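Make a model of the complete structure from these sequences and hints.
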Amino acid sequence: MMRYLTGSGISLGLLALAVMGCSHDPAMPTAQSVETSGFRQSVSGVQVVVDPLFGGERARAEFPGGEVFEEQGLLPVQVLIENSSRQPVRAERADFRLVRPRGQSEVALSPQDAFATVKPPVGWWATLPILGPSAAAYRNSDWLKQFEVRALKDLPVAPGGAAVGLVYFYFPESEKNLAGTRVSLVIRGESGEERSFDIPLQGRRGILDAPAPTAPAAAPGQRAQPSSTPTRVDGAGGGVIIRSPAP
0 MMRYLTGSGI SLGLLALAVM GCSHDPAMPT AQSVETSGFR QSVSGVQVVV
50 DPLFGGERAR AEFPGGEVFE EQGLLPVQVL IENSSRQPVR AERADFRLVR
100 PRGQSEVALS PQDAFATVKP PVGWWATLPI LGPSAAAYRN SDWLKQFEVR
150 ALKDLPVAPG GAAVGLVYFY FPESEKNLAG TRVSLVIRGE SGEERSFDIP
200 LQGRRGILDA PAPTAPAAAP GQRAQPSSTP TRVDGAGGGV IIRSPAP
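Position 213 of the sequence shown, counting from 1, maps to 212 under numbering that gives the first Met the number 0, and the rest follow consecutively.
These are computed hints drawn from the structure, not numbers from a lab. You may find that some hints are simply not true.
[To be verified] Straight-line C-alpha distance at most 27 angstroms; calculated BS3-like pairs for lysine-lysine:
hint, residue 1, residue 2
1, Lys-144, Lys-118
2, Lys-152, Lys-118
3, Lys-118, Lys-175
[As the list claims (entries may be wrong)] Derived DEER-like restraints, expressed as beta-carbon distance ranges:
hint, residue 1, residue 2, range
4, Glu-56, Ala-157, 29 to 37 angstroms
5, Ser-43, Val-106, 21 to 29 angstroms
6, Glu-174, Ala-93, 21 to 29 angstroms
7, Pro-25, Gly-72, 14 to 22 angstroms
8, Ser-32, Asp-112, 21 to 29 angstroms
9, Glu-172, Lys-144, 20 to 28 angstroms
10, Glu-147, Gly-72, 15 to 23 angstroms
Only a predicted model underlies this, so the values are computations on that prediction, with no experimental measurement involved. Note that CB positions come from ideal geometry on N, CA and C, so glycine has one too.
Okay, structure coming up:
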């Protein structure tokens with residue numbers, strides 16, 4: 000009888016984990032969300048937009064359990080590839096690099112290696128001790144799946160098409176500034192043509208997570224005008240990287 004109850008409890012508990020986990024997961028990245036907030040560069044009809052999830056609050060908003068990435072040395076970067084050329088193109092994970100100010104270069108991690116780099120945060124499953132190892136196994140399996148399904152897929156992008164997903168990098172938890180850091184990658188066309196991208200990043204931990212600064216108060220009878228000027232950065236390969244203003 001006790002064995003039956005325990006087995007039923009585990010089954011019900013795992014079902015609850017699945018339902019609760021799905022209902023609380025942040026949405027998958029979309030082309031529109033990345034394009035709105037990312038840094039971009041265009042080369043020969045192909046545009047690449049990169050958006051680093053830098054800072055605990057930002058990572059948590061975009062990835063379940065992402066608040067632990069900052070302190071455990073993982074930097075996910077949302078990548079959008081838009082193909083306006085006349086032939087399919089593709090970018091493989093091995094072609095992505097995170098280049099630091101002093102020239103250090105980090106190769107993109109596989110979803111499995113990124114998962115192994117961090118430990119999941121303690122969450123609501125901690126309130127279900129009766130599940131024991133079963134809960135931990137389910138939690139780890141489900142979290143690994145999040146790394147895999149959100150990763151940028153190594154698939155051709157057809158003319159007029161787009162691809163979006165995460166590329167994972169190691170980034171020291173002691174580093175608080177992205178200034179001087181850039182994402183480098185190569186995109187290859189079906190005919191063998193290569194397009195090289197070198198996109199500078201910006202951002203500081205503690206600033207991205209802090210509330211936005213308050214604009215100066217308008218004089219009586221006047222209406223404050225929000226800023227709509229994008230930030231422009233010249234890319235190393237002759238392209239232009241534009242940081243879109245917040246909507």
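Please test the hint of 21 to 29 angstroms on the beta carbon pair from Ser-32 and Asp-112. Holds, at about 25 angstroms.
Taking the Cβ atom of Ser-43 and the Cβ atom of Val-106, is their distance within the range 21 to 29 angstroms? Check passed, 25 angstroms falls within 21 to 29 angstroms.
If I claimed the Cβ atoms of Glu-56 and Ala-157 lie 29 to 37 angstroms apart, would that claim hold in this structure? 36 angstroms, holds
Just to be sure I understand the hint, the distance between the Cβ atoms of Glu-147 and Gly-72 should be within 15 to 23 angstroms; is that true here? For Glu-147 and Gly-72 the Cβ distance comes to about 20 angstroms; the hint holds.
Does the Cβ distance between Glu-174 and Ala-93 fall inside 21 to 29 angstroms? 24 angstroms, holds
Do the alpha carbons of Lys-144 and Lys-118 lie within 27 angstroms of each other, as the hint requires? 14 angstroms, holds
Between the beta carbons of Glu-172 and Lys-144, is the distance compatible with 20 to 28 angstroms? With Cβ atoms ~25 angstroms apart, the hint holds.
Verify the CB-CB distance for Pro-25 and Gly-72 against the hinted window 14 to 22 angstroms. With Cβ atoms ~21 angstroms apart, the hint holds.
For the pair supplied as a hint, Lys-152 and Lys-118, is the alpha-carbon distance within the 27 angstroms limit? 24 angstroms, holds
Given pair status - Lys-175, Lys-118, alpha carbons within 27 angstroms: Since the Cα atoms of Lys-118 and Lys-175 sit roughly 21 angstroms apart, the hinted pair holds (cutoff 27 angstroms).
The earlier numbered hints are all upheld by this structure, with none contradicted.
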